[in-house]
Structures are given as C-alpha cells and as structure tokens.
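Visitor: Between the sequences and the hints, there should be enough to build the whole structure, so can you do that?
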Amino acid sequence: MRPSSSRRFRLPLLLGALAASGLAAAAAAPAAIAAPAPLAITVIGGDAQLSAAWSAVPGATGYVVQWGEGSRTNRTLRTTGLSVRIPKVTNRRTYSVRVSALGVAASSARRSVRPVPYVPTSITSVRAVPDGPDRIRVTWSGGGQARSVKVLAGADSITEAHHFSTGWLPAAVRSAVVTVPRSLRGVLGGGTGNVVFVKVAQTNSRAANPKDAYAFSLRDKYRLTPSGTWSLAGMAAAGGDTTRLSVATWNVQSITASAGYAVQNRWAARLPKVVANIEAHAPALIGLQELTTARVEPDCLNPRGQYLCVEQYQTLETALASAPTPYRDARSDANAWVYANPGSYVDSHLFYDPARLTVQDSGYVSPRDLLGSAWPSSMPNEAGMWARFGILDGTGAVGRGFLAVSIHLPAGDEGAVRRAEAAAIARFMDGKARQADGTSLPIVFVGDFNDNGAREADAGSLRLLATGYLDAAATADRTGLNFSTANQSNGAGGVDADYPAFLTPHKYPTSRIDYIMLKNSPHPISYRNLVPTAGDRFDGALQGSDHNMQLAEVGIGDPVR
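Residues -26 to -1, 1 to 535 in mature numbering (1 follows the signal peptide of the UniProt record, and there is no 0) are what the sequence shown lists, from first letter to last.
Any given hint might turn out to be false.
What the hints assert, rightly or not - Simulated restraints, written as ranges between beta carbons of each label pair: (1) Pro61 / Ala431: 40 to 50 Å; (2) Pro200 / Ala431: 22 to 32 Å; (3) Tyr92 / His480: 30 to 40 Å; (4) Ala187 / Asp532: 47 to 57 Å; (5) Tyr92 / Ala431: 35 to 45 Å; (6) Phe476 / Asp532: 44 to 54 Å; (7) Leu76 / Val534: 41 to 51 Å.
To be verified - Cross-link-like lysine-lysine pairs, in silico, DSS-like; alpha carbons within 27 Å at most: (8) Lys124 / Lys481; (9) Lys124 / Lys185; (10) Lys62 / Lys124; (11) Lys62 / Lys185.
For the record, the hints were derived by calculation from the structure and aren't laboratory data. Built from N, CA and C at the ideal position, the CB exists for glycine as well.
Guide: Encoded structure:
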C-alpha cells in the first residue's frame, strides 16, 4: 500500500507545478484541431451541364470536387485548376456540389444547383482594371443559366473593331485576364493611350465551340453585357528619377478656317480667349497648330509699298509677351522662313515659359523636304517647329534637356501621307536627339494628327508608336475622355458648327485626333482633355478654338542609350 499512497501524494504536487508553469490546461486537455477554412465557390447550372469555380487557396496542391444528385456528393473528380465543368447531367434535376483543397484544411459548403436549357440570365456588373503589361483583369457578378462565359475586347464600345477575346470558360468563372495580342499592341497596348472596351458574353449553347457575336441571340441562347466597360491595358512599371514638366498641345484654328464665321468666332475675337486659356492652365511648354503665317489683313502694304504685314502667329506672340505669365515663341522668324521657301507656310509653333525653360536650339520641320518626291505636288508644304530645351531649376540653372516638335498632319483622305510624314519626322527627331556620346535626349512630340489611332490603319500616331513613342494619355489619371478633342463632332450645323454652345458628352470614351507623345522618357503622370465648361455650356471666355487644349504632366529623365 505504501507505493500507492506515495503516488497519490505526488500527483497533486505535479499538477500544482504544471499549473504554476502555465501548462496545466495543456496537460489536462487534448490539443485543439483547427477548423477547416471556408472555401467560397460559385456553381452554375447550364444546359445538361454544371460548372463550378473558386478562388485559389494558398498552399493547396490541388482540389477535390464532389458532386451528386439531390443532397448526395458521391461522385468525385480532382483538378489543379480553379474551375471545372460537370457534363451529362439531367436538366431540371437538383444536384449538390462541394470543393475541398488538397494539402490544407479548406473546404466549401455544399451548394445546390439545377441545370436548365434556357437563355442565360443577365450579368449585373462588370469591372475592368489594368493588370500588368498589355493586360486587363475583368471581374463580374450575376449571370447564370449558362454553359460557358468569355470576355470580348476591342477598340470600340461594341468590341467588334480590333477585337480579341479569352477562350470559352466554365460559366461559373467570375474573373478573367485578357492580354492584348502582339498584332494589336501598337493600337491598344499599354503605351497607346487608347482605351480597350470589354464585354462579357454567356452562352447556353451545346455547340462545341460557340461563335463570337456582338449582339444578343435568343436562338443561340447567347447574351452580352451592355456597352461601356473599358480600361487601359497595363503598362510596364516606369522607374528612375525624372523632372516633372507640364506640356500642352492645342489647335487654335487658323484665320482662314474661321474667316466666314460669325464675328465672335473669328480670330480677332478668339485671340484673347486663347491667351486666357493658356494663362489659366500655365503649361511650361505648349505646341500650337493652325497658328499660321497667314496675314491678319490681306492688303498690308502702305502707299509706298513698304512691308507692314502682321501674321496670325505674330498677334499671339505679342499678346502672350505682355500676359501675366509671359510666353515666348521658340522662333519668331516664321515669315522670313516662308519667304525663303516658296510654296510653304508655317502652321505649328512651340511657345514656352522662359521662367521654366530655355531654348538651346530650334528650327522648322518641312515635310516636303523630308519626303522629297513622295510629297504630293498638289499639297502645300505645311511646316512645323522643333526645339531643344533646357529645364530651369529654382535658381535659374539649367537641368535636364529634351527635344520637342509641334506638327499638324494633313487632314481628309490623306491617310498614307499622314503616316509617311509622321515616320519621316520621327526619323528627323531621332537625329536631333542623338548626342555625341551616343545617348539620345527625351523627345516630346505634340500635334493635331487628324486621325483616330484606335480605328484608322493609316494613323500617324500608330507610326510613332511603332518607332518607340508612348502616348502621354496612357495613364489612369486622365479626364475628359467622353469628349472629342475637336468639337465639330458636337456641333449643330451651320457655318459656326465648330463652336457649339452646349456641351454634348459622348456616352463612352471617344476618339482623339490631338496627341502628346513621348520617346526616350516614357513617364506620363496625368492627362487632361481640357473642355472649357461653364455648367452645361462651353465657357465663352475660354472657347478660343474648335479644338480643346490637351495638357499632360510628364517626367523628363536623363538621356538614354
């Protein structure tokens, strides 16, 4: 009995010691078993088919899908993917589905579903966001009664222009990534600034590979989400130290183009509005198009035959020189250059704030000289301007440098000429940017390109993108997308249709013909289509042109090799 008695006395002592050390509970109760983590699944019943989809579980090596008729889950399949199709089920019967992760404790609740042969139900919301270089992630909710789902993407709200898509996915999937194909990256890729419209299509067809369509089809049991969802394709992350620079471009409409308009829309009345708009937004640099060498007064010789002419560009030089923030033209001898080059006129200029920039070199860009015999003899030589600038710091010291050019590409049916001229000027600017040490300066290329790069194969902007430029509008921080950059599309007829009184925004992001392009320094920060608004009307004090000013904040980096 003595040994037993001894053990009885030692057990309380041992428990007391365990309690004192905080281990009594562990010794008295078995270790708790972690409850399985919930796994959320979506299950859809289509025509003689079920589909299920779920989110990835960290650490899972695969997934087990259990399913069966009624409340049973007596059939099993395994997958390493995140969705499955379950074929050959009977319509209008109830089935149960659950999913468990392999390698970790995670499983879903049992879900009931009925396959049906009807038209898919509507998807209630769609969201699209950039997802890395040339990629867009699309997510949606709602929908059902379908066998398959896919994402359609393209350059217009219907998605039928420059279109591409995912493959057909199990109908329960609620997220997919679309990647702009290589053949379209110069039109819709991450550096283009052109938006990509997306639609989500559902089909309950039993066809092995249902065809894409761009409209609802009752016969094919095919339903699309409405137009309007869009995103920019993702861009590669831009790094490196840069100097911020505000750049604008604006077609201010020539004297000749508005000569037959009402008095308030002729150049003399528009000039103070142009000045006010530039002063209001105060870019460090602005490229101006249709600021021509046309004479303000056709007969400008005095009785002695002396030259007393004033040209359109000179009136703006004078007005901006005395403005609260004085601006200067990078060159002021456009008239002399025209007289030395018969059959030419200067259309585009570069004005700059001398407190922020200094001109180191400048000149005119003659498309006729660049293209030679390829330039149509019937077309006048519409010249632009280039300059090399240094950026001034707060003390007046010159910091980083860059090249800029302002150009107006031909209008109308001259698509091939636009493309050829853009390519020729790109080569010209590459030569100007190249330095003795083999590096190249950043280039800012602005202008009215007279084309919509998202739709037109001959667009000059596409030629620039193909030669290494990036569109400054390729940034998520951009406004004014629902307005054209030129307002004649909003006009209501008559000779003054270019100057509508009321704002008429488009339902979705619309086309652009005015651009700010960057090369050797792909750092767009923000972009604004500056529609001069006053309530639901255009602001008459700032509506100095049939175009809207385009304003970008960009980063200018060091020369590149």
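Visitor: Hint by hint, note whether the structure agrees.
Guide: Taking the hints in turn, this is what the structure says about them:
Hint check: proline 61 to alanine 431, Cβ distance near 43 Å, so the stated range 40 to 50 Å holds. The beta-carbon spacing between proline 200 and alanine 431, approximately 28 Å, falls within the hinted interval of 22 to 32 Å. Taken as a hint, the range 30 to 40 Å holds for the pair tyrosine 92 and histidine 480, whose Cβ atoms sit roughly 35 Å apart. The beta-carbon spacing between alanine 187 and aspartate 532, approximately 50 Å, falls within the hinted interval of 47 to 57 Å.
Separation of tyrosine 92 from alanine 431 is about 42 Å and conforms to the stated range, judged on CB atoms against 35 to 45 Å. One distance hint, 44 to 54 Å for the beta-carbon pair phenylalanine 476 and aspartate 532, holds here, with the actual separation near 47 Å. Distance hint check for leucine 76 and valine 534: the Cβ-Cβ separation is about 49 Å, which falls inside the suggested range of 41 to 51 Å. With a C-alpha separation of about 24 Å, the suggested pair lysine 124 and lysine 481 falls inside the 27 Å cut-off, and the hint holds.
Restraint check: the Cα-Cα separation between lysine 124 and lysine 185 comes to about 11 Å, which is no more than 27 Å; the hinted pair holds. For the suggested pair lysine 62 and lysine 124, the alpha carbons sit about 22 Å apart, so the restraint of at most 27 Å is met. Taken as a hint, the lysine 62 and lysine 185 pair is honoured in the structure, with Cα atoms around 22 Å apart against an allowance of 27 Å.
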